[in-house]
Amino acid sequence: MAISTVFLLVAFGLSSAKVEEENPGFWRSEAQKSLQSVLDRKLNSNIAKNILFFLGDGMGITTYTAARILKGQLQNQTGEETVMTMDTFPSVGLVKTYSVDFQIPDSAATATAYLCGVKTNLNTIGVSAAARNGVCKTQKGNEVTSILKWAKDAGKSVGIVTTTRVQHATPAATYAHSASRKWYSDADMPDAAKNEGCTDIAAQLLKNIDIDVIIGGGRKYMTPKGTKDPEYPRDFFSRGKRKDGRNLIDEWKIMKTGKVAHYVWNKTDFDAVNPETTDYLMALFEPGDLRFEAERDPSMDPSIVETTEKAIRILQKNPKGFFLLVEGGRIDQAHHAGRAYMALHETVAFDYAIAKGLELTKEHETLTIVMADHSHTVTFNGYPFRGQSILGKSPLWATDLMPYTTLMYGNGPGHKITNGKRPDISDVNTKTKDYIQLSAVPTESATHSGEDVAVLARGPMAHLFQGVQEQNYIAHAMAYAACVGADLRHCQGKTKTSVDHTGFTENANVAGRPCGSVALLSSLLSVLLALTILM
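Going by mature numbering (1 follows the signal peptide of the UniProt record, and there is no 0), the letters in the sequence shown line up with residues -17 to -1, 1 to 518, in that order.
Derived from the structure by calculation, the hints contain no laboratory data.
None of the values given here were measured: they were computed from a predicted structure.
There's no promise every hint is true.
Straight-line C-alpha distance at most 30 Å; calculated DSS-like pairs for lysine-lysine [stated by the list, open to error]:
#  : residue 1 : residue 2
1  : K25       : K399
2  : K177      : K208
3  : K300      : K242
4  : K25       : K165
5  : K345      : K242
6  : K300      : K345
7  : K416      : K339
8  : K123      : K239
9  : K404      : K416
10 : K399      : K416
11 : K300      : K250
12 : K339      : K404
13 : K1        : K16
14 : K16       : K123
15 : K1        : K414
16 : K414      : K404
17 : K123      : K177
18 : K345      : K414
19 : K303      : K226
20 : K303      : K242
21 : K250      : K177
Distance ranges between label pairs, derived from CB positions [stated by the list, open to error]:
#  : residue 1 : residue 2 : range
22 : G138      : K165      : 43 to 51 Å
23 : I400      : T71       : 38 to 46 Å
24 : P258      : D84       : 54 to 62 Å
All C-beta atoms in this analysis are idealised placements derived from N, C-alpha and C, irrespective of residue type, glycine included.
Please build the complete structure, drawing on both the sequences and the hints.
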């Protein structure tokens, strides 16, 4: 590139900067404020009454950064300096995402890791790595349970909220055990698997765990084959799929007889559900996955913010607390399609849902986690000017004298080479929801990528979520913080806590410290041991 062009670009970039940013004092002052904020932090060592787990499917670091910029630009800011709700979480770590058998995982293996605490093989759900993908007989005896079950067994209320179908990999790992993530209904299973006694994921949704709140899509996996969908009665592909003739929605209603339980499939009925009087809610808004946020009909389907709020208001009535998984599941699906616009808008909506979750809960008693399960091959490249649209083009052209977008994919459906040349996008609007970013390698669907993902935490024991950890560590750390599951050390000696006005413990009791008569007995034993040594 010519020197004059570089100077021109630098000059243009400086012109887009804010005036105060040219003053060194501005940056020093901002840094000092941030430093003091970190110095003022106090460890919150309380027991987590609630766990609010936000999972951004496919929300790798590049997606996170790009969505931050988009969120700011949607508010008429330059974007780079925008503070996402996620950005305010004080504890941050990295998570290694590989599965037992692959360097780069899928959402089933990752969900089993961070929800069940055990790494496993690709495409399997709620089973150990001793199970084999698609082989029913290897599933038996290798089932592993999730933190949602541990929380339910501890007396807490539990729920799942997703923008995908509720039988999809991430939510399914909370309740199902399946040698194949694709066994959504019995129609999706081979006869051999059914003959060997394996059960489809939709049926397990009712059978395995008494889940208080179930919100997402997936109606067609719940009803008999040919059942017309209430929203799309003329669409053949939206009709029920089950070959066994079971209507799982009706069965769920019967199972909840005597309780205040609501099944809804549209926003009008959803809005009418009173969380204060509701014990159980099943809300299935689409035959399959929910619509992308950018295409959602607000008169028919609630947003992820609204579904998160309804779930929390229902679950938080339990004095023992709750566990809630909220998945921004279509971030991943947009990336698979090479549609950065959709992926980023899904992430921004996800961040607003996190804000709603913080608004409705108390930090001194609620551990809130934000994490991705894996990343994607999307790249953030070129030298775009400060404040330039994140969905736009780099001002620096390539050696073929044509522009390229700031966001691109390593592989995917956007590979478009004709006669050895890529398309000229000079006159193409790359900021639309339907634009597919260029990719280096042609694949029908963009793959995942294998780099570490971020985990962010705030609330009780948030400091456990730091450093570089294996993905299965997450389930154990959440369980420890909330005293659910097998490791109850954190709640020993926690009958009282010294809490300041923020609700954070200043000098928290040491986990495992004996109390009362146990402490007296411990002291006596120590004296006897000392006397024995002296003798």
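Here is what the structure says about each hint:
With a CA separation close to 53 Å, the supplied pair K25 and K399 exceeds the 30 Å bound. The straight-line distance between the Cα atoms of K177 and K208 is roughly 17 Å, inside the 30 Å bound, and the hint therefore holds. The straight-line distance between the Cα atoms of K300 and K242 is roughly 15 Å, inside the 30 Å bound, and the hint therefore holds. Annotation: proposed proximity of K25 to K165 is violated, straight-line Cα distance about 45 Å (limit 30 Å).
In summary, the hint linking K345 to K242 is supported, as the alpha carbons are separated by about 28 Å, within the 30 Å threshold. A distance of roughly 14 Å separates the Cα atoms of K300 and K345; the hinted pair therefore holds under the 30 Å criterion. Between the alpha carbons of K416 and K339 the distance comes to roughly 26 Å, so the proposed pair stays at or under 30 Å and holds. Restraint check for K123 and K239: satisfied, since their Cα atoms lie roughly 29 Å apart, inside the 30 Å limit.
With a CA separation close to 25 Å, the supplied pair K404 and K416 stays within the 30 Å bound. Distance check on the hinted pair: K399 and K416 sit about 19 Å apart at the alpha-carbon level, within 30 Å; holds. Between K300 and K250 the CA atoms are separated by roughly 23 Å; this keeps the pair inside 30 Å, and the hint holds. With a CA separation close to 47 Å, the supplied pair K339 and K404 exceeds the 30 Å bound.
At roughly 19 Å between alpha-carbon atoms, K1 and K16 fall within 30 Å of each other, so this suggested pair holds. Our distance criterion of 30 Å between C-alpha atoms is broken by K16 and K123, whose separation comes to about 55 Å. Proximity of K1 to K414 is assessed by CA-CA distance (about 25 Å); at most 30 Å being required, the pair is judged to hold. Between the alpha carbons of K414 and K404 the distance comes to roughly 22 Å, so the proposed pair stays at or under 30 Å and holds.
Restraint check for K123 and K177: the C-alpha separation of about 13 Å stays at or below 30 Å, so the hint holds. For a cut-off of 30 Å, the pair hint linking K345 to K414 is broken: about 38 Å separates their Cα positions. Pair hint K303 plus K226 does not hold up; C-alpha atoms about 40 Å apart against a cutoff of 30 Å. Restraint check for K303 and K242: the C-alpha separation of about 19 Å stays at or below 30 Å, so the hint holds.
Of the supplied pair hints, the one linking K250 and K177 is violated, its CA atoms being roughly 36 Å apart against a limit of 30 Å. Judged by the Cβ atoms, the range 43 to 51 Å given for G138 and K165 is violated: they are separated by roughly 34 Å. Take I400 and T71: their Cβ atoms lie about 43 Å apart, and the range 38 to 46 Å holds. The beta-carbon spacing between P258 and D84, approximately 42 Å, falls outside the hinted interval of 54 to 62 Å.
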